Amino acid sequence: MNPLETRGKSRILLWVLLAVAIVIYGFPFLYLLLTSFKTPLDAISVPPSVLPETWTLDNYVAALSRGGVPAALINSVTTAVVSTVLSLVLAVPAAYAITRFRTPSGRVFIVAALVTRMVPTIAVGAPLIELMRTLGLTDTSFGLALAHTTISLPLSIWLMASFFEAVPDELSEAAEVDGCSRIQAMVRVVLPVVSGGLAVTAIFAFLASWNEFLFALLLTSVRAQTTPVVIANFQSQFGLDWGGMTALAAIYSLPVILLTLFLQRHIVAGLTLGAVKG
Amino acid sequence: MKLRTARPGRPGRRTLIAAASVSAAALVLSGCGVGGSGEAASDTDELTVVVEGGGKAELQPIADLYKEETGTTVTLVELPYAGLYDRVSSELQAGQPSFDVAALDAIWLPAFAPALAPLDDLYTDDVESDLFGGLVSEAKVDDSFVGMPVWTNSEILFYRTDLFEDAQNMADFEAEYGYALAAPTTWEEYRDVAEFFTRDTDGDGTVDLYGTDVKGAVETEWLATVSQAGEETMVLDAATGEVTIDSAAHQEALDFYVSLLPFAPAGAAQLDWAGSQNLFYQGNLAMMRFWGHAYRQTPDDSPVKDSIGVAPMIGGPAGVAGVPGAWYLSVPASGAKQDAAKEFVAFAYEHNALAADTSLGLVARKSAFESKAGEPGFENYPALVTTLEAPQSLPRPATPEWQEIVDSVLVPLMQKAVEPGADTAQLLSEAKSQIEAIVE
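Going down the list, the protein sequences come from chains A and B.
Heads up, the first sequence is in this note's numbering, so the first residue is 199 and it goes up one at a time.
Heads up, the second sequence is in this note's numbering, so the first residue is 1290 and it goes up one at a time.
Treat the hints as calculated values from the structure; they're not laboratory data.
Source: prediction; values computed, not measured.
Among the clues, some could well be false.
[Said to hold, decoys possible] Just the calculated beta-carbon pair ranges, DEER-fashion: (1) 246/A x 1639/B: 39 to 47 Å; (2) 1623/B x 390/A: 48 to 56 Å; (3) 315/A x 1385/B: 45 to 53 Å; (4) 256/A x 1608/B: 28 to 36 Å; (5) 454/A x 1689/B: 37 to 45 Å; (6) 1595/B x 246/A: 33 to 41 Å; (7) 1595/B x 251/A: 18 to 26 Å; (8) 231/A x 1563/B: 16 to 24 Å; (9) 1639/B x 454/A: 17 to 25 Å; (10) 1595/B x 268/A: 32 to 40 Å; (11) 231/A x 1334/B: 38 to 46 Å; (12) 310/A x 1722/B: 43 to 51 Å; (13) 256/A x 1385/B: 39 to 47 Å; (14) 1594/B x 220/A: 37 to 45 Å.
Each residue gets a CB set at the ideal place from its N, CA and C atoms; glycine is no exception.
Starting from the given sequences, assemble the full structure and let the hints guide the process.
Structure below.
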């Protein structure tokens, strides 16, 4: 067998394995999507069927006309955007300073940031309720975004630090020689280089807020309730509305999928940043 | 060294402007949030009621009428069942609840009672006489009423009328068991009927119709069976802490419960309420014992939609018994608007019948149940009333540790008991030790 044939077969095997992995990984979401088009009886059939027997959009109509759903969708977007911006605004300079100056306190700080990730979220729930009430931020999207930032900020600092590490110091030094201040060197020269990493960090911060449930449950009630809490309401003590729940979950997944597609180029650039040096 | 160019990943000016605009808009919106009225929670003409997801519809018509008659807006905050407990618990502990009224599951009242305002002045003789005995006793914790029932529920018997009224089935059953086929009223009849209907209907060699289900992932149905067996002190005496779960009645109830396994689908250990309901709606069960609200929840496309009959819960040696599943309106003792909140609670009791015409259709007052007598769509009401009025329909123990006992002892007990060859006496003995460790 010549090397070209061997390579071709390996490639086919690789694609098959990849396809299987995608099916396994994506099946839960696919099943959710298909269930959202099923009739009530079809959705609870025993044994379950993958494809709807009769396709219907009734679940989408019911989910979107349920009280509080449109407001919750807007609240989710608002909270996630504010939390993402806060995370980036705080994480970028912190990570830049840590990687650029490499001081002992910086090393302690970045480890301490990681340690905060190890505290169970529920443990800080009750103190956060008290804190937000004192600050007058209970049931506001800004208050919830602040709470979400406590989750995403440590990860954002670590991610950005790893991206800044990949940029040679000479680059910012050259910018400073050319007359830039340290901040200007970061903003005008280094940040554009790590824009892919910035996109990756933004996506992670956005997702952390978009999918967060516990803080949203504890810190919001009427005005700032986000969609994950509303989705959970489809399961009550009196039954589970599979159709409505899956329809809203499918709608809720759309913006994240679109955002990922929109930023795909930056994400790939970010993930490969630093892979090859010199 | 060749530096990486920034161009491929560099965001354009328009992208930056768009991102900045979105961020600015989000920042402005985040100041409050877009749900609800946006008015301050301290407004005297506004009340906030937290309620479990499924119960919101029950309270909505009452809240609407309250607004119409008093001008006070009642905002119903819907939370998932488990989330409601966590939320109420953390806010009551913090001492400054964001809600004025909470709709609470009966089993939570003992745990929350110290932080709830007494509602004794609402419990007149007329009120007490219009409520089921179990509901009144559940509402009273440490000699004080801490909740007003807003709706109640109980397990009743659901059966398929197309099977029960089939002439061939009727004749075959009578020939085999010596009495007429009808909705069972006793343990023995229930077992007979369950056995009779467990069959292979399409002749493919596999059983596809089961007489009943056996739920191993929930505990309440067994607790009802315990009361049917004649136990007066279910699981434990909350006043003395004495654990009774290994009594003869508990044993007898558990043995009957698992004796139905041959007439039920496999996988009992994992079967919960939702699973049971699904099996019945699919037409896989001839009977199920289930909460009364399910009568109004049958999917339109269910093959049994027009063939569902209801009857009171079955009885054991001590007669009919169900476990009351009531929800109560309670007022936090640290609430800022207690008087207004109590007025709403009194109003909700007064107009309790409005909840009958909602998706769940559950009410709490006897008079509200009676107001729908004979009305189509409310055939489950007589079955609910008969079950709730039965002397053995006793509430669950009023102990703050009840939820912990359920999660860590009773549900695992049920899951083990429905496994083949389980030693029920041994399991009950182990459960007793575990519960003693919790309450001591």
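Against the structure, the hints:
1. 246/A x 1639/B: 39 to 47 Å: holds (45 Å)
2. 1623/B x 390/A: 48 to 56 Å: holds (54 Å)
3. 315/A x 1385/B: 45 to 53 Å: Violated, since residue 315/A and residue 1385/B (Cβ atoms, about 29 Å apart) do not stay within the stated range.
4. 256/A x 1608/B: 28 to 36 Å: violated (44 Å)
5. 454/A x 1689/B: 37 to 45 Å: Holds - the Cβ-Cβ distance for residue 454/A and residue 1689/B, about 41 Å, lies within 37 to 45 Å.
6. 1595/B x 246/A: 33 to 41 Å: violated (25 Å)
7. 1595/B x 251/A: 18 to 26 Å: holds (20 Å)
8. 231/A x 1563/B: 16 to 24 Å: holds (21 Å)
9. 1639/B x 454/A: 17 to 25 Å: At 47 Å between Cβs, range violated.
10. 1595/B x 268/A: 32 to 40 Å: holds (36 Å)
11. 231/A x 1334/B: 38 to 46 Å: At roughly 44 Å between Cβ atoms, residue 1334/B and residue 231/A fall inside 38 to 46 Å, so the hint holds.
12. 310/A x 1722/B: 43 to 51 Å: holds (44 Å)
13. 256/A x 1385/B: 39 to 47 Å: holds (42 Å)
14. 1594/B x 220/A: 37 to 45 Å: Given range 37 to 45 Å: holds, Cβ gap about 40 Å.
Hint compliance for this structure: hints 3, 4, 6 and 9 are broken, all remaining hints hold.
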